[in-house]
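Chain by chain, the residues:
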Amino acid sequence: MNNFKQAFSCLLAACFLLLSISIQAQTKATLSGYVKDGTTGEAMIGATIFIPQIQKGAYTNEYGFYSLSVPGGKYQVQYRFVGFDTDTLEVDLNTSQKLDVELLPVSRSVEEVVITDRASNDQVASTEMGTTSLTIQEIKKIPVLFGETDVLKTIQLLPGVKPAGEGSSGFFVRGGGTDQNLILLDEAPVYNASHLLGFFSVFNGDAIKGTKLYKGNMPAEYGGRLSSTMDIRMKEGNSKDLSVSGGLGLISSRLTVEGPIVEDKASFMVSGRRTYADIFLNFLNDTALSSSTLYFYDLNAKVNYKLGEKDQLFVSGYLGRDVLSFADNFGIDWGNQTATVRWNHLFNDKLFLNSTFIYSDYDYRISIDPLEASITSGIQDFNLKEAFTYYANSQNTLKFGVDAIYHTFIPGGISSDSITEINQDFEKRYALESAIYFSHDWSVTDKIKLNYGLRYSNFTVLGPGTYYQFDAEGAVTDSSTYNNGEVVANYGGLEPRISSTFIIDSRQSIKASYARNRQYIHLVSNSTSGTPTDVWIPSSEIVQPEIADQLSIGYFRNFDDNKWEASVELYYKDLQNQIEYKNGADIFLNENIESQLVFGRGWSYGAEFLLRKKVGKVTGWVSYTLSRTFREFDDINEGNPFPARQDRIHDVSVVAIYEPNKKWSFSSAFVYNTGDAVTFPSGSYEIEGQIIPYYTERNGYRLPAYHRLDLSATYFGKNPNTNLNASLYNAYGRKNVFTIDFRESETNPGETEAIKTYLFQWVPSVTWNFNF
Amino acid sequence: MKNTIIYLFLAASFFLVSCEEVIEIEVNEADIQLVIEGDLTDENRIHKVKLSQTGSYFEPGNFPVIEGATLTLTNASGESETLNDVGQGVYQIENIKGEIGETYTLTVSHEGETYEAISSMPSGIILDTLVYNTRPAGPFGEEGIVMIVNFQDPPGERNYVFFELYLNDELVEGIFLYDDATTDGVAEAGYAFFTVSPEPGDRVRVKALSMDRDVYDYFNTLVEIAGGGFGLGAGSAAPANPESNFTPQALGYFGAFSVSEIEGVVP
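Chains as they are written, first to last, in my numbering: chain V, -5 to 766; chain Z, 11 to 277.
Simulated from the structure, these hints should not be mistaken for lab results.
These numbers were taken from a predicted model, which means no experiment stands behind them.
Using N, Cα and C, we set each Cβ at its ideal position, and we do this for glycine too.
Be careful, since some hints might not be right.
To be verified - Here are the simulated SDA-like cross-link-like pairs (lysine to any residue), alpha carbons at most 20 Å apart as the crow flies:
hint, chain 1, residue 1, chain 2, residue 2
1, V, Lys729, Z, Asn38
2, V, Lys750, Z, Ile33
3, Z, Lys60, V, Gln684
4, Z, Lys217, V, Glu682
5, V, Lys729, Z, Glu36
6, V, Lys750, Z, Asn38
7, V, Lys750, Z, Glu34
8, V, Lys729, Z, Glu31
9, V, Lys729, Z, Ile33
10, V, Lys729, Z, Glu34
11, V, Lys608, V, Asn655
12, Z, Lys58, V, Gln684
Stated by the list, open to error - The calculated label-pair distances, taken between Cβ atoms and stated as ranges, are:
hint, chain 1, residue 1, chain 2, residue 2, range
13, V, Val481, Z, Glu89, 45 to 55 Å
14, Z, Arg213, V, Arg622, 36 to 46 Å
15, V, Asp628, Z, Glu53, 36 to 46 Å
As the list claims (entries may be wrong) - Here are a few chain Z residues that face chain V, going by a calculated C-beta distance under 8 Å:
hint, residue
16, Glu31
17, Thr64
18, Phe73
19, Leu232
20, Asn251
Chain V with its partners taken away, still in its complex shape (with noise of 0.2 Å):
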């Protein structure tokens, strides 16, 4: 704890020094306001305000807020967004100004379409790299499985952002496991984003704004996971009119209802989502799959609340559960339940404080009629954080803040009605994780700049619980029992975050950062690929905080008037107090799961092209990664370092859309990777007259290589508030490898063969959208 308060002071001291600085800044008048939808009256993140006068300019934040300080004087400032007309106003800046602004959607007309959608030079302006920004307007036109919009499979088309496995939901990051991804849903930590085993997310697109990906190098405002955050905001709901828009499709629907409260004043939005393709299997002629049950189904409802010209309230939350049942007999089911409470203070036109509380929940539930018998486990979490940012003058943006989040684990146990001698309760685990930070994003000179901050994060495991320590085998050697309360292990330490910007040109510039992030929170899963089963654990005595550090460097440039950007980032990553099974370690339902595990370390490294088109009838990128990501363990193979599953070393992505005229929009997205790193068999031997593998190194060989074409095509009747999408996944049949298993061959018994198991060879589908 004393750390704490050291670091505590320290950053205090750092921001008072910070602020005395800015405030000696020569400053005349600040323009500050919200910049929001005009047809919806959403908030829009990351618009762009610009004086082109004096080259200065500022972007909204989260909640649509900006305030950019500049010497008096009238100015044209511009208002701009991608896919949005840009705005200019007049303003007299002798005095300060508040200016809400509202921008429109540029319309779908052939000849407008390249004139009015300006682009921006961003990419190369802005101090942030290994980012990626995406509107859901931009998410929705490319095709993905089942036509379902889809913000977790579309992020993984872009470049180091790879997926677990054929449909799944989970992704890794610059060769981080799908654990190290901090997935955000208006500030609540999703613990499972996958529906139906990954083949959906949990995110629904009608009720998703857009999402920003940091993949590694956060700002100092997040923490938490080594690898990537993935923030995600959802709508806050039309605040100029009453709508209902939603889709039908093959498996699934979709409904949501938005509109005022009071007119610009509060506004709500309910979106809901069900799959039913269970109802095919009333089509089977087995009674077992007939009877059985499969669906999974979601909420998300959000309310906003401008108490006060300086104060407004948000209140979302998000409730999604699985059921999967077999024949009545065994069945699973689990769900995320999150909740945010924010609440916006403007204390002046420069400083802006977001108040949040989270709750969080994960669980499952497996039950097995026949015995009576069910188990269950999950995680919840309380989140508190106070978030400032101050928006010292065109030159310094300061954002400083606390975040506290109390974790409770519940690793499970079984309980059963009929047979009460296997009911077993696990221990629950408690830990809470907490952090300060501060960062100053300083435009040096017209050609630095410069985002530097640093988090102090702690975490602490408290009582009370008795926990064990274990000898090599995994028996337990002794215990200790600790009280309510009690601290049980703490750990803590430092994250530093920077990032620079040399800007050569306005088309040009070179980018460095370098950041460290913490793990205290870790996935212990049954397979690679993710299940609903995967438990999580806190750090304790015996897992130690994973530690990652991570050098990129890049160069950016754009083309054409700013309608091409082109990037190539390289990147190294250190990685530290990895986790993996001990060989052939069972962890379902073991509630001295530590006892399986061994700690390792792991690097990666690579290079990232994207280059990318945002405007135009033909829009699209083409990104490509060249990385590789090693593990070295003791007691894995023979320590020898070893290629990680997710060491692909090359991975391509090629999305294109093209939109003629205003009743058609065509897409389609061609991926390819190098097949997964696996463990195989080498030789086979005899035991109790079975023939057993041999194994010899570990992910020593090579699934085949992956590659899958997906195609869509959407028309937009004359009705503009209904369009009609078909899509083909998998357009040319690639039969891609789900799993690869080892049996005796049919045709030559005595021989073993591999049997590879492909899903989803050509997935059609058609949605109709509407919206009234």
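Position chain Z relative to chain V; hints supplied.
Below, chain Z without anything else, positioned relative to chain V:
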């Protein structure tokens, strides 16, 4: 229990129309390794240790046996015996009898390398009754009969059991393992053979082989490997050779087992 979950997922992936196809995989050349398989029980009979070698993966079956090795068995009381090499890779334990509570050391010397394994024989569980229940249709197949063997679990000690199941005197393939992590000291513990579907009239014989932890760990990891490849996009999460109780590591095991047996007929 674990298999239940896996079957559920397999079932779920079938809903999503999965297909299978044979593919060619090129296997790396592996060095030939020694395989040792040795049992000693408290049954009054001659026990055997088998020595063989690894072979090809895709064309298994031709596993060369090893003759002419020197095998010695010693117990904690100091008795020692050189095993009788009867050919075909089989070495017999002819003098030393397996006794509950005794600890045995097997030494194998072959081509200049010496391997040693230690195993203790626990008192173990005593089988009580055989029960036959109706199994509803589910992931294990159509409606049928499920066999449950009941036994008393001795309290205060961890028990590790390997069940051998014989239907009409034929050994049923499969490794049926039980440990009392969640049922220690339970008077009416049971083990259900979910994956086996006997018919009325079948003669059933169940043998419970109780062993020490190291041998159990070996079989437990063996199940993970032999039963590996259970879908979920990954196969076994961490495929590797099971940890044998031989030092230095050899493939296989040497185990001392106490045996309890029960017989019955499916009604």
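Now the hints, each set against the structure:
Distance check on the hinted pair: Lys729 of chain V and Asn38 of chain Z sit about 24 Å apart at the alpha-carbon level, beyond 20 Å; violated. At most 20 Å may separate the alpha-carbon atoms for a hinted pair to count; Lys750 of chain V and Ile33 of chain Z meet this at roughly 6 Å. The straight-line distance between the Cα atoms of Lys60 of chain Z and Gln684 of chain V is roughly 14 Å, inside the 20 Å bound, and the hint therefore holds. Proximity of Lys217 of chain Z to Glu682 of chain V is assessed by CA-CA distance (about 15 Å); at most 20 Å being required, the pair is judged to hold.
Distance check on the hinted pair: Lys729 of chain V and Glu36 of chain Z sit about 19 Å apart at the alpha-carbon level, within 20 Å; holds. Of the pairs offered as hints, the one joining Lys750 of chain V and Asn38 of chain Z holds, with about 19 Å between alpha carbons and a cut-off of 20 Å not exceeded. For the suggested pair Lys750 of chain V and Glu34 of chain Z, the alpha carbons sit about 10 Å apart, so the restraint of at most 20 Å is met. About 9 Å separates the Cα atoms of Lys729 of chain V and Glu31 of chain Z, which keeps this hinted pair within 20 Å; it holds.
Restraint check for Lys729 of chain V and Ile33 of chain Z: satisfied, since their Cα atoms lie roughly 11 Å apart, inside the 20 Å limit. Using a Cα cut-off of 20 Å, the hinted pair Lys729 of chain V and Glu34 of chain Z holds, with the two alpha carbons roughly 14 Å apart. For the hint linking Lys608 of chain V to Asn655 of chain V, the alpha-carbon distance of about 17 Å falls within 20 Å, and the restraint holds. Restraint check for Lys58 of chain Z and Gln684 of chain V: the C-alpha separation of about 17 Å stays at or below 20 Å, so the hint holds.
The beta-carbon spacing between Val481 of chain V and Glu89 of chain Z, approximately 54 Å, falls within the hinted interval of 45 to 55 Å. The hinted range of 36 to 46 Å is not satisfied by Arg213 of chain Z and Arg622 of chain V, whose Cβ atoms lie roughly 59 Å apart. At about 41 Å, the beta-carbon gap between Asp628 of chain V and Glu53 of chain Z stays in the expected band of 36 to 46 Å. At its closest, the beta carbon of Glu31 of chain Z sits 6 Å from a beta carbon of chain V; the interface hint therefore holds under the 8 Å criterion.
The restraint placing Thr64 of chain Z at the interface with chain V holds, with a minimum CB-CB distance near 4 Å, inside the 8 Å limit. The restraint placing Phe73 of chain Z at the interface with chain V holds, with a minimum CB-CB distance near 5 Å, inside the 8 Å limit. A hinted interface residue such as Leu232 of chain Z counts as satisfied when its beta carbon comes closer than 8 Å to some beta carbon of chain V; here the least separation is about 7 Å, so the hint holds. Below 8 Å, beta-carbon pairs count as interface contacts, and Asn251 of chain Z has one with chain V at about 5 Å; its hint therefore holds.
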